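S.K.: Sequence:
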Amino acid sequence: MGHKSRLTPWYIGLAIVFAAVIFVGYRMFATSCPAPIALELGVLTVVPIVYLVLMYLTFVSQK
Numbered sequence: 000m001g002h003k004s005r006l007t008p009w010y011i012g013l014a015i016v017f018a019a020v021i022f023v024g025y026r027m028f029a030t031s032c033p034a035p036i037a038l039e040l041g042v043l044t045v046v047p048i049v050y051l052v053l054m055y056l057t058f059v060s061q062k
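Residue numbering for the sequence shown follows numbering that gives the first Met the number 0, beginning at 0 and increasing consecutively.
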């Protein structure tokens, strides 16, 4: 039996977040999305940052 790293959920979460940001960014760019720039920045930056902060808080709260 192998030793499971405590950071495995971090790696999985980061991969999902970055894949989603790349996909959404590509779709917005490729389809010339008419969304306001503030909304695009929110989707591509604020949402992943909030998710990463919540992951960090969960990680440090574990004993």
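Because the hints were derived from the structure by calculation, they are not lab data. Take these hints with a grain of salt, some might be off.
Between beta-carbon pairs, the in silico distance windows are [what the hints assert, rightly or not]:
#, residue 1, residue 2, range
1, 59, 36, 30 to 38 Å
2, 36, 8, 16 to 24 Å
3, 11, 33, 30 to 38 Å
4, 31, 5, 39 to 47 Å
5, 29, 4, 31 to 39 Å
6, 30, 6, 31 to 39 Å
7, 59, 30, 35 to 43 Å
8, 31, 7, 33 to 41 Å
9, 31, 60, 39 to 47 Å
10, 49, 28, 21 to 29 Å
11, 59, 29, 32 to 40 Å
12, 60, 14, 31 to 39 Å
13, 30, 57, 33 to 41 Å
Predicted model only: the values in this text are computed from it and were never measured. Quick reminder that beta carbons are idealized off the backbone N, C-alpha and C, glycines included.
S.K.: Are the hints correct? Go through all of them and say.
M.R.: Tested hints:
The beta-carbon spacing between residue 59 and residue 36, approximately 34 Å, falls within the hinted interval of 30 to 38 Å. Residue 36 and residue 8 have their C-beta atoms about 33 Å apart, which leaves the hinted 16 to 24 Å range violated. Checked against the hint of 30 to 38 Å, the C-beta distance between residue 11 and residue 33 comes to roughly 33 Å, which is consistent with it. Checked against the hint of 39 to 47 Å, the C-beta distance between residue 31 and residue 5 comes to roughly 43 Å, which is consistent with it.
Roughly 36 Å separates the CB atoms of residue 29 and residue 4, a value that falls within the hinted 31 to 39 Å. Remark: the range hint 31 to 39 Å for residue 30 to residue 6 is upheld by a beta-carbon distance near 36 Å. A hinted range of 35 to 43 Å for the beta carbons of residue 59 and residue 30 is consistent with their spacing of about 39 Å. At roughly 38 Å, the beta-carbon separation of residue 31 and residue 7 lies within the given 33 to 41 Å, and the hint holds.
Between residue 31 and residue 60 the Cβ separation comes to about 43 Å, which falls inside the hinted range of 39 to 47 Å. At roughly 23 Å, the beta-carbon separation of residue 49 and residue 28 lies within the given 21 to 29 Å, and the hint holds. Residue 59 and residue 29 have their C-beta atoms about 38 Å apart, which keeps the hinted 32 to 40 Å range intact. At roughly 22 Å, the beta-carbon separation of residue 60 and residue 14 lies outside the given 31 to 39 Å, and the hint is violated.
In this structure, residue 30 and residue 57 meet the distance hint of 33 to 41 Å, their C-beta atoms being roughly 34 Å apart.
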